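Visitor: Now for the letters of each chain:
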Amino acid sequence: MSNPLSNLAASLNPGTPVPVERAILREIDESTKAPALFFLVSGILWLLVGTVFALIASIKLHYPSFLGESEWLTFGNIRTAHLQSVIFGWSTNAAFAVALWLMARLSRMRLRHPGIVLAAACLWNLGVTIGVAGILRGDSTSIEWLEIPTYATPILFVAYALIGVWAIITFRFRQSQHIYVSQWYLIAALFWFPWLYSAAQIMLLFEPARGTVQSLVNWWFAHNVLGLWFTPIGVAAAYYFIPKVLGRPIHSYYLSVLGFWSLALFYNWAGVHHLIGGPVPAWVISAGIVASLMMVIPIVVTGINHHATMRGNWSALKYSPTLRFIVFGALNYSASSLIGSTMAVRSVNEVTHFTHFTVAHAHHGMYAFFTMVMFGSIYFMLPRILHREWPSASLISVHFWACAIGITIYVVGMSIGGVIQGLQMNDAENYPVFLDIVKSMNPWLHTRSVAGAIITVGHIAFAVNFGWMLFKRSPDAAGAPTLFHAPPAMDARSSAS
Amino acid sequence: MNKGPLIFLGAFLTILFSWTGIVLVNHLQWGRMQPYYDDVEGKAFPSPMSGIAKQGKQVYQELGCIYCHTQQVRRPGFGGDTARGWGDRQSVPRDYLQQDRVLLGTMRTGPDLMTVGARPLTADWHLKHLLDAQITSPGSTMPPFPFLFETRKIQGEPSANAIQGLSGEHAPAPGFEIVPTARAEALVAYLLSLKHEYEYPEARPVGGAQ
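The listed protein sequences derive, respectively, from chains A and B.
Numbering of the first sequence is given in our numbering, commencing with residue 1 and proceeding in unit increments.
Numbering of the second sequence is given in our numbering, commencing with residue 1 and proceeding in unit increments.
If you're looking for bench data, these hints aren't it; they were derived computationally from the structure.
Among the chain B residues that face chain A by a calculated CB cut under 8 Å, a handful are: (1) Ile22; (2) Cys65; (3) Arg74; (4) Ser91; (5) Asp100.
Derived Cβ-Cβ restraints for the label pairs, each shown as a range: (6) A:Val457 / B:Phe176: 38 to 46 Å; (7) B:Val25 / A:Gln177: 36 to 44 Å; (8) A:Trp468 / B:Arg119: 52 to 60 Å; (9) A:Ala282 / B:Lys195: 20 to 28 Å.
Just so you have them, the derived chain B footprint on chain A, three or more residues with Cβ under 8 Å: (10) 63–71; (11) 134–141; (12) 438–445.
Everything numeric in this text was worked out from a predicted model, so none of it was measured.
Backbone N, C-alpha and C fix where the C-beta goes; we use that ideal spot for every residue, glycine too.
So that you can see chain B by itself, here it is in the shape it has in the complex (with noise of 0.2 Å):
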């Protein structure tokens, strides 16, 4: 091996391998998928984001909440994610076809987003829980995102999205309210929007449910 242009030329050949392996024939392969057109129902799925859950996603992405909590749902039978309640099916690719930028994690330092909008969880619960998580899930490790939120004196008037029944250290002082600004209504829209719910025929290709 004492000629420059071998070793160039075989790491030249090994990444190409590689690439072309890896990412160009999965991109020529499926990266053009569409969307699922479904008669019965009449539009075609996953359906678009709404501007807010967009707006919601960017927040996602800014906080890095994607160190904690995956969007993917593993098989049934392949870890514990569908007996957790993660969902009732795997992830497939056409579930991601939406998403300009995909999300899909690798730690579960907290649980599974993929179906977060399906699990019974209202808005109230999620602003609250951004706020501190200690409220809703003590013994928690998620962080708090007070910059999230809104403390003001009350003029006139409550507002009427100001977040209700916080006691002990998390309540305002009196005369005082905490109100989700516009970056925590859209988290939180976004989450409530995350429900893959949608049966793909691709997405129980061995035997149906289990």
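If we strip away everything but chain A, and leave its shape as in the complex, we get (with noise of 0.2 Å):
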């Protein structure tokens, strides 16, 4: 092996060829090659088991006494168990292999002990196991977002904190001269989570605050873990890859600068809107109101800024698995950001609040917008750590086709099926039987679960492509990577890499 040192030297000097900047990517990724591996496989296995849970649920909600004998699988248990399985197992498992990897790679630094990683994985993982074991057991805190007993969060917590702190451990040795605007996020995510984590639990679990203060901190968690979590990480994954992908830089650097800050600084205050109308002093909503409406400087520039990117290349996108579902992923975080601004406006708020819209929007956010841009980012990846190609474009284009149409009736369907819940619960006059609201939901409530079939297809074909590239035996003989379809001569350079 080469002195990483002098290699990385060499990469650094704009005269290198380009061969010894590929050697050092290599190396790169091979020390992250273990915890990524691990985390992706859990992580599938979540959103595996989630799926499952998912369905189960939504059948629920127009076919009551289904599974109803048991009391593990009650809906406010299975619905529950659903959610923690995917933003804990799934979503943050995808985003900790995505957050090491990139920051490796941005870094240009070795993941430093990645046996240490590997272990605060387990840890995780078993934390999760345990918390969602937990929920079905009818152990659940009923804290939304926070429902994981408090014998399994200490277990989380310690996990957390060790992944964390070994992504700011390479960032610290970093040789690259320059921070990229994916790894400001990744950094700031990386941060926010923990006392996000730990200030909700305390104040919330191991000494409840009083009263309705609860409901505050709550909800400051709660829409916090989507802005300064899950959002970073989707948005730093975008910046990354769009630019690499299509082999150009990013359009503006003060856009990228303008769309961080903005988002820190107002991302962090919007959560007090999931509470307008509640008993909490309106100030404090009011407040919530005002940044959630601001958030639209961050949605509207980082929006500017991948399509400025994009522009011109929207061809590109008939032939990249990875741009495909990160573009996606990045269209659906502006319009579910701007659907979230609108929803924090008092008179829609009156509407929408307390019915499926909010669902829909949820799922919007993380799935739409999340869980495609991580699908796209493993694309790109995997191949990286493996040295082998996907072994399937077929199934990519199932995986794309099914998630895009399925999640897009979902939230389509879920939104019209939440306005006219909306609508119905406010006016007594017309509908004063609650019942026949319930009833009227019935339709929208089909579209889910057929909705929910169609992602579950996705997912299956997308497990399986997984699989199997994991236990192929021989790499394929070209480093040609898999593309729905083959591009042009020219446009093959664009993907590689």
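Join the two chains, each given in its own frame, into one complex according to the hints.
Guide: Spelled out as structure tokens, the structure:
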């Protein structure tokens, strides 16, 4: 093995030919292999488990006696088990894999002592497993987004702390001279989550605050998990992969800076809009509404920046799976965030609050944006970690279309249903009988189960392709990436590396 | 932005800002709010929860009732909460002072339960509704909770608390009876305890009753 230092020095020399650069990246990717693979395998297992939970929960909402005999599987438990499996099982595992891999690559530094990260990864998944099993047993805390019982949360905290510290250490020893925009988001997110999690755990579970101060802590945490943990990771990935796949720089450095700081400032305050009309002081709610509306700045700025980078290259979406997933996610980041800002306006919130519209919105953000970006990232990362290509382009295609169509039906259907539900609930004169409103939700809830089934097909295609790739014997002879279609000769370069 | 410490400092200050504003300030400002002592009635409101209601609240949490039922009434004129008969005033922070864990909820697949105990619904109705909502509310999407009940053979006299008047598919086999478990009884006691009828001075901030 050649001396990594001389390699690194060479990589920073503009005159160094490209192969040296590739060799270093290969070595860095290699150092992340064990933990990244562990995160991805467990993440995908959680995705499948979470999908099964989701289907059961969805069917129960229009067919309540389905599996009705079992207390473990009662709606309140299975729905919550779904939530925790997909946010801490699937999404966070995927986020760890992407964050560590990106951080190592962008810092031009090998991941040090990957064994410790691997141990932390085991610990994390142990914590999630105990937590989800606890929820099914009925030990849920009944605090939204924090349902994992207190006997599992310290495990999660320790595991997270180790992983976060390791990413920061990698950053600290960086050999790159420049800090790329993705790294800003990664550093901030890795710092924000432990603060949010520990503060919420202490003020809600270990030393609970009094009365509805709890509700403020709850929604400060729950919305910021989206805004300050998943969103920055998703945006960091989009900022890396769009220019990477296209082989051109991001449109504007200054827009990146503005987008980052406005997100950091405003997202932090937005969560209180979940309590509009609730028993907390009006000024906090107003502040939350203002912050939610100010979120338009980072959303528009980031949207313009990504869009302008894509400009003139839309045809690349025909070929690159990574790009197609990530662009789908980035567009939905803009869409779901703008809808979110609108939902914070009091007159809109009066209708959409307490309805399926919120459920649609949560899936719009967590799935159509975040999860799709993670899928795209995995399609890029895995061949570089395993040194082989995805076995089947058709399966990738099935994965994309099933998930894209499924989540679109989901979000549109539940949004329409939610508005109908909200309008009817607010109109006590024409809809005095609550049961009539419940019944009028039936077609929309059926739509959701259909959408969920379509998404499940996509997940199975993804898992099969992933497993196939993992256990494939011989690497492909040629290093050609797996694309949807064979591109014209010149375009192939952009999808490599 | 090529300085690591700058990014750290920015991330630190922004979250410190929101944590202070949303969590800390409110905690210090009204986190030690006390029940309201009414001189005329000679006692403080909200009253402490009874032991069995507390156990029932635990069951409510175990079953995840919060995911379909809120416990908060919005002010008259904002949404249809009061018009729907879910209470005649808005909920205020003081309403929640006796609760170790506040269960506001954010979803109304089912109706709000802030004042369910004040509605004309008997314990018998609640038990049947829990056994299977189709008995009392055909077409409801509430899950059945058969595991909160015990079907057992009648030995000698029927049990006093056996559910009466079940017919069709819900009726027990001849010689059997369906009896609520302690958890079902506690849950119903909790639901019946949810009233929040006391008029706190702050509960009608604008123009009195509407």
